[in-house]
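Asks: Residue numbers for the sequence shown follow the numbering used here, so the first one is 1 and each next one is one higher.
Worth double-checking, as some hints may not be accurate.
Unchecked claim - The list that follows gives simulated cross-link-like pairs (lysine to any residue, SDA-like), each with its CA atoms no further than 20 Å apart:
1) 138 to 168
2) 268 to 204
3) 268 to 279
4) 268 to 194
5) 138 to 84
6) 246 to 202
7) 138 to 157
8) 246 to 279
For the record, the hints were derived by calculation from the structure and aren't laboratory data.
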Amino acid sequence: MTKSVGETVSTLIEQMQAGDYEGLTATMTQNVVPGLLAAGIGLGVIFIGYLVASYISRIISGPICRRVDQTLGKFIGRLVFYSILAGVTAAVLSKLGAPLGGLAAMLAAAGFAIGLAFQGTLSNFASGVLMMVFRPFKVGDFINAGGVAGTVNEIDLFTTTLDTPDNRRIIVPNSSIAGGTIENISHHAHRRVEVVVGVDYSANQDETRAALTRAAESLSDVMIPGDDRGYAVVLSGLGDSAVEWKVRLWVASSNYWPAHEALTGAVKRNLDAVEIGIPFPQMDIHLHRVAGDDDGSQPTQRQRPRPTRRDAIAG
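Start from the sequences and build out the full structure, keeping to the hints where you can.
Replies: Below is the structure:
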């Protein structure tokens, strides 16, 4: 292009006002028509770049979604798509003579102002990128993070969607999750169920251990065998009013809560079968009758002398 867009428009207006139709035709032929043609070619190249970016992003994200993680695959696909599209657009604008240096400076200034205005949003974005890269959890995991426990439904660039056990959907900002402790409860295939129970001090220790062992073995159909698995009956401590025991059982993570309930019931039934009591908190109230109140009247309240009167009486 021999002239900029502003110079061309100014020249056309002056020629139209002066009635110089020959000059107007020459300007249209030399500047406007080539400029429109170049702009049309540029738009076509950008459109082709859009199609190529979409195709390449699908090729790259597809295997990652199938073999690694769906959320990470989508994120990488979007990143590749916008990177290619931005590169093609910048190349076309450069060929058309657009001042990319000034445009870059304007974008940098605008980005700085937007960054100050949206600090929280950018923090969520950065946290979302970090979670997608390091992947502390994935879609379908049951986690406890940001003060919320639930199953991960979706991990976005700004928020994470969780479904709670009582079927509530909660959307948590990514910065709240990345800035705190993340507990991935369903990460491992096996979990250990632990039931704590206290028995009477008068109960025989061997009989108690045998009863708790029978309770653990009654759930052998859901127990995970192997080294450091199976079950264990542990004498854990001597409490204020009971001997404390722990019954531990390894089960599949998906079967944790049913196994916990079944083991608790088995412990109670087996202790009841051998008549071993489970102490519980209780309050004893002792009533003392004051001498001279045999007539059934209300006991009189005796006042204790104050220190000053006591000293006076002693004197």
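Asks: Does each hint fit the structure? Answer for all of them.
Replies: Results for each hint:
Proximity of residue 138 to residue 168 is assessed by CA-CA distance (about 19 Å); at most 20 Å being required, the pair is judged to hold. About 16 Å separates the Cα atoms of residue 268 and residue 204, which keeps this hinted pair within 20 Å; it holds. The suggested pairing of residue 268 with residue 279 holds, with an alpha-carbon distance near 12 Å, which does not exceed 20 Å. Note on residue 268 and residue 194: the hinted pairing holds, with a Cα-Cα distance of about 14 Å set against a maximum of 20 Å.
With a CA separation close to 27 Å, the supplied pair residue 138 and residue 84 exceeds the 20 Å bound. Our distance criterion of 20 Å between C-alpha atoms is met by residue 246 and residue 202, whose separation comes to about 18 Å. This hinted pair checks out: residue 138 and residue 157 have alpha carbons roughly 14 Å apart, not beyond 20 Å. Distance check on the hinted pair: residue 246 and residue 279 sit about 15 Å apart at the alpha-carbon level, within 20 Å; holds.
Against the hints set out earlier in the document, a violation occurs for number 5 only.
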